[in-house]
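J.: Construct the entire structure; sequences and hints are all you get.
Chains as they are written, first to last, in my numbering: chain L, 21 to 135; chain R, 14 to 125.
Derived from the structure by calculation, the hints contain no laboratory data. These numbers were taken from a predicted model, which means no experiment stands behind them. Careful, some of the hints might be misleading.
[Stated by the list, open to error] Below, in silico cross-link-like pairs of lysine-lysine (DSS-like), each with a Cα-Cα straight-line distance of 30 Å or less: (1) K49/R to K72/R; (2) K77/L to K120/R; (3) K49/R to K77/L.
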Amino acid sequence: DTGVSQDPRHKITKRGQNVTFRCDPISEHNRLYWYRQTLGQGPEFLTYFQNEAQLEKSRLLSDRFSAERPKGSFSTLEIQRTEQGDSAMYLCASRWTSGYAGELFFGEGSRLTVL
Amino acid sequence: GQQVMQIPQYQHVQEGEDFTTYCNSSTTLSNIQWYKQRPGGHPVFLIQLVKSGEVKKQKRLTFQFGEAKKNSSLHITATQTTDVGTYFCAGPSQGGSEKLVFGKGTKLTVNP
Chain L
21 DTGVSQDPRH KITKRGQNVT FRCDPISEHN RLYWYRQTLG QGPEFLTYFQ
71 NEAQLEKSRL LSDRFSAERP KGSFSTLEIQ RTEQGDSAMY LCASRWTSGY
121 AGELFFGEGS RLTVL
Chain R
14 GQQVMQIPQY QHVQEGEDFT TYCNSSTTLS NIQWYKQRPG GHPVFLIQLV
64 KSGEVKKQKR LTFQFGEAKK NSSLHITATQ TTDVGTYFCA GPSQGGSEKL
114 VFGKGTKLTV NP
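T.: This is how it looks when you write it as structure tokens:
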């Protein structure tokens with residue numbers, strides 16, 4: 021399968037614990053994005069990378085959130101000291117800058133439940 | 014900040030009926046994209062519109078971009094059960110940002 025891959029697909033954790041999500045984008049894509057989606061809402065932008073550089077972060081991304089893309093391939097999104105309000109679907113997406121302008125390829129998401 | 018609004022929030026139709034969802038942006042957009050998310054699935058890109066007044070068709074789906082590039086619509090002719098899902102429009106944030114601002118979506122259910 022050559023689509024965007026996310027792991028884990030589901031995570032249940034207790035409030036205060038740390039969680040990490042991984043995203044493997046489509047291999048030739050140099051841009052990688054993280055979005056968050058809650059029930060009944062559209063995806064909300066969190067951050068994006070071009071290659072290994074994190075070029076934009078949303079104000080939604082509090083200091084408990086950190087994202088990395090160390091070698092310009094896969095990315096991780098870590099949430100420290102989780103809160104119940106962090107419960108959401110975390111979506112990763114990728115695209116190639118010189119490809120079909122704007123089209124994002126989304127992964128199947130990592131669903132986080134904070135108890 | 015920039016807002017993208019969609020109406021209706023929900024639409025229930027009988028199979029074979031037509032369906033339309035409308036999208037309005039608080040700011041002029043350089044382009045607008047439409048995505049479909051099946052129940053339990055992830056958003057899948059449908060189309061991007063760039064030009065003022067642009068109309069594009071994909072089989073039973075017709076997409077329009079308004080003359081002022083602030084609104085858009087998606088029309089489905091003769092809905093089928095496979096059309097079930099939530100349809101989102103999304104526009105780029107201003108100032109050269111890579112951020113896409115999504116509407117809340119229109120959830121379509123189709124009664125067979």
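J.: With reference to the structure, classify each hint as holding or not holding.
T.: How the hints compare with the structure:
1. For the given pair, K49/R sits about 15 Å from K72/R by alpha-carbon distance, which is consistent with the 30 Å threshold.
2. For the hint linking K77/L to K120/R, the alpha-carbon distance of about 29 Å falls within 30 Å, and the restraint holds.
3. Taking the CA atoms of K49/R and K77/L, the gap is about 25 Å. The hint holds against a cut of 30 Å.
Against the hints set out earlier in the document, no violation occurs for any number.
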